[in-house]
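Sequences and hints are given; from them, build the entire structure.
Chains F and Z, in that order, are what the protein sequence lines are. Quick note: the first sequence uses our numbering, first residue 474, plus one each step. Quick note: the second sequence uses our numbering, first residue 216, plus one each step.
Derived from the structure by calculation, the hints contain no laboratory data. Hints may be right or wrong, so weigh each one.
As the list claims (entries may be wrong) - Distance condition first, Cα-Cα at most 27 Å in a straight line; then the derived DSSO-like pairs of lysine-lysine: (1) Lys315(Z) x Lys284(Z); (2) Lys303(Z) x Lys632(F); (3) Lys543(F) x Lys636(F); (4) Lys634(F) x Lys303(Z).
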Amino acid sequence: MSVIDVREAITQVHHEEWARVVASLTRRFGDLDIAEEAAAEAFATAVERWPADGVPPNPGAWLSTTANRKAIDRIRRENKRGDKQKESQMLYGDGPPEPVGAVGDERLRLIFTCCHPALAMQTRVALTLRMVGGLTVPEIARAFLVQETTMEKRITRAKAKIKAARIPYRVPSAEDLPARVSGVLTVLFLVFNEGYLATGPGTDPIRHDLTAEAIRLTRLIRALMPQDGEVAGLLALMLLTEARRTARVSGSGELVTLGEQDRGAWDAALIAEGHRLVRERLAAGVAPGRYQILAAISAVHTSARDGRDTDWSQVVALYDQLVRLDPSPIIALNRAIAVGEVDGPDVALAAVDRLEDKLAGYHPYHAARADLLRRLGRSQESRAAYGKAIELAGNTAETAYLTRRRDQLG
Amino acid sequence: MQYLLSVIDDTAGLATPDEMAAIDAFNDRLVAEGHWVFAGGLESPSTATVIDNRGGEALFTDGPFLESKEHLAGFWVLEAADLDEALKLAAEGSKACNRKVEVRPFRSE
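Right under this line is the structure:
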């Protein structure tokens, strides 16, 4: 095996085994901090030894054994220092180990602990990327444009709170499960969206590393909870969005709207997988949640060979369903845009204008107005709306697109 | 594991009779289910006196140590297995007393 092959093998094993190693160490030693450090040391040892010794036949078992030994070493060291608090600071699970099955997978406990509602949303995101995703602290800090020391503090503080306040290390009870799963999905969707439409002025408009990580983690949750409709819905939504990634930004770095994208550049395999998931949920015959409806909307868009073939009445019907579930003004805005394709821009504009109070600080509101005003030939008002949208938009490709559109007005 | 549930109030008023009845019912349940350690309601912050005896002579200051819009109106000390259980109880307590509740773990020895 060449050095490059070994490096690739380590990367792959890291992807496949990191969360499992951290989860089982946390279970065994009752301490996230020990688990994280020992797992990191075990992978560092692999990087050191495998190029010379070769990749072991069962890399996962090798890593678990090595990490276990590292953890025991640390605990011995600390016990010598007379750390009597160790026992009282342990994480508390709910009794004896569960049988290994889909729901009994250790990684689920880890995910639910990292996404606990008593932690701030940005902390949940950071902790999940570190403990479950295996990203390093500098990588996470870069992803969210904060200082490494800030990110380090955020993660350290979270681990300390989990210990001190005794946030349990377990899969929530059946009655709490829907709300808690929805909390986990929110974290993953946040990671995906930051990759899909990166906000920083100095970053790439699309952060493939983040969308890929979000998809990888959502696939993991899907494998662990195959019966959950919203998990399937979110995965489908991500896949159908990711499928359009390369078509979403032009050669000159401008955002390309759905209607103008080169549909031949879409990833057919991802679309097929996304459509399969949407069909699976339709066949389940259970009332869909918001991610399933959003995925279905995405499926309608990605089913049309040409933007003009889009079944807009179907899109509006799905948005009607979504509005009943989630009466937020952002959903209402997207519904109004779809209505514009069926009933015309004047009807849509009236609906969009009604949202002004709630969305005046939200750039897509102004971008939608600008587009509708342009189609109605109201250039001057359109120009002003584009101006507002440009002022508020954070994504570089989107700003470039909006600026060109504004400058094209007569 | 013990948790302090602090009742955070942003009004000047004391608990209404309905709120008091709901708090009593909640307290009875805490006792029956083995969560109860201690609880109490406090008089308004304007009745507080701050004492500083770090300098040899005890200094008294009229009023609370912190002037703020929100103040501590009462508290529970509860026994709970973990934060999830404490949060569930706090959610019920918040409903009963009709105020915000902060949950904080006691330091374990």
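Hint numbers not upheld by this structure, sorted from lowest to highest: none
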